[in-house]
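Based on these hints, arrange chain C on the given structure of chain W.
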Amino acid sequence: MKKTGFGLLVLLLPLFVITHQVQAAPADALRVDYHQWKLGKDGIRQEMSYSELLYRKPDSLWIEREIPEAAQHSHDDHHHGGLGHKHADVTGAPLWIVRDPQGKLDVKLIDRHEQRMIEIAEAYYSNVGFDGHWVESWSLADPETLQKLKPTKISENGLETYEIQRGTQQITLVWNPEGQYAQSITAKDSQGLSGRTIRASEITAPKTLPWTQLGNYLSRDYSDLLD
Amino acid sequence: MKRLTVTVTGLTLAMALAGCGSDNDKKNNSSKSSSSVSVASSALASSSTPATSSSAASSSIKSSSSAPSSSSSSAAPVAKKNVLFFLGDGMGITTLTAMRIYEVGEAGSITIDTLPESAFVRTYSEDGQVTDSAPSMAAYMTGVKMKNEVISMSAGTNAYRPDGSQFVDASGNSTCEAGNGKAVPTLLELMKAKGYATGVVSTTRITHATPATTYSHVCNRNGENTIAAQMVPNGAGFNAALGNGIDVVLGGGLRHFLPSTVSGGRRTDSRNLVEEMKAAGYTYATNTGELLAASNATNKLLGLFHSSDMSYELDRNPIAEPSLSEMTGKAIDILSQRDKGFFLMVEGGRIDHALHASNAKRALVDGIAFDNAIKLALQKMEAVDPGLKNTLVVVTADHDHTLVINGYAERTGKTTDNHAGVLGLVKSYANGPGKGQPTTDVNGNPYTILAFGNGPNRPATRIALDETTTSGKDYLQEAVIQLDSETHGGGDVFLGAKGLGAENFHGVIDNVEVFGLIKKAINLE
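Protein chains in written order, with our numbering: chain W, 233 to 459; chain C, 414 to 938.
Going by beta-carbon spacing under 10 Å, a handful of chain W positions derived as facing chain C: (1) Y356; (2) S358; (3) D456.
Stretches of chain C that chain W covers, calculated by requiring three or more beta carbons in the stretch to come under 8 Å of a beta carbon on chain W: (4) 868–874; (5) 895–903.
Calculated from the structure, these hints are not laboratory results.
Ideal Cβ placement from N, Cα and C applies to all residues, glycine included.
Only chain W is shown next, with the shape it has when bound in the complex (with noise of 0.2 Å):
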């Protein structure tokens, strides 16, 4: 998974409830950081972290991993395999989601690099780390089947707590209703094997929004990509 790698947490969730009417507009740009490690039992501790970048309109999202400096140098120097089927190098390319009324989805994976935007069909969502889940990928908890439980905290920002056992696993979500986000999900397995954070913090939204300067991409098949 690339883009919501933290699957497991967000099928985790429905078990939450969310209690407050929310009055303010959502947030509408956020930083999101992930962060995971596991303890092997050859003593080993792996783990894994990066960061992306949301802007979120009511019916849009954009998901771009941000790539520190040198990496992106790195990523430049790679070789990209042009128009052709194959050798393509998507990594962390930026995902835009719209959703229109009824409901349906549009993927688009976004080549900065060919000046592309490939279209997503369901069959390759997974391909590009999107799990076809539109809510909880725009507010990373899905506040409608929140509402099954009850907070085990609201501080005094209105920021509501909720825990919760699963099998071996403690969870502790932070809902900002105000924002319409999950601001922190934590996830422990009881053993101390494992463990998983996500931290969402708002940021300003950019001046021109992304999806608006695609006028001269081409426009592409996943499918394309493929042998």
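Just chain C, lined up with the frame of chain W:
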């Protein structure tokens, strides 16, 4: 033995007037006396569509012994020989095994397993240890070993310039340069020239590499607009070696037939090739109903059922898109009506795509759809030609993938709605308390039976998988090396054959040998 020898545009075909088997044909070839008359090529064509310039040249008929050519209608009928070439794109031997286990369990047999003759095929290309679909299918269709991404061109043809750029523009138009190779004849073209009916069926875009190798010639497979134009009789860029055109064309790829000025069109030359094909005499089908409603007496049939590749079988809307079996069946129904035999290529093209996605479930389901098409074809051909005495059926793949069957899994039997089968986890076969329990990796996590050498799903830390997850339609099997898209593999592939000349296929052969063995089977010189 009365016999006709027909020469059309430099190609010679020997046709027995009595006695239809290949042995008879060999004897007939030794005839020494002959007489000659000239006829218009239209008299040789089974189609009413006017012949193009290349085939419109007058032809000579040489008749042996004293039999006048005009008496042929009262002679014994000429045997109708048929070649059905089935290509499972990317269907390597591991994929075949997984298909079998998925559908009928370890000890069962799918249709491909029942083919009586078989061989292993080396698939390397002119420049690649691991081939792509273009030169591998072209090797079958032309007998020429060419470079990766080249479509039915001479050896040495380059798909890339010295600077690494491809001979194709951003819209899918070929930019191949003069002197960069030349076209080499394909089986379809050769059989067309001899008067056989021809058909091309695929679940991919009909301009995709595999089907393209049967009817087009281009230095880079990505020039799909150019490839489409080569199919259109009388149009600019038409491949004159197709005579009056391919008789049955079924698949996806509408976008390369429509101008970019209409929704979904990719053509930059403003041409609407669908309208041009219709003007050239083609009946046009856009959905399953229209395909099945087409008369078996249809002269020319074009069916384009998707803008791009047709849907995976697992996702297919049966009203909008026909199955591979339905397309194959209709193609046989039409082509077998003709006075002479036919050549039909059928590709299960999306097995490969699902494997590239490392999505084993879709690959196996498409593989079984391909097997079902073969099953139907054998049934239909047995009715047309009992015993397949004059029909050769060849089933093979163009290349392998990196799919592996992992671990010491206990037998799973076939996959059902409630049983993951080969899509599940490796479980212990050994008697004892661990029997039937998942085998685990060094960190105690279970792993799947099917996995890939490379592909998109290489988790930074493996987690405890369950079979509900791994047998889901969107699950991507894990890979050793992380790549955006899984690659082909370099292993040999299986070839199975049945019918006329099938016994010629045995041992370990090179992919270019298949071309000659098919020609030998039907005495095509």
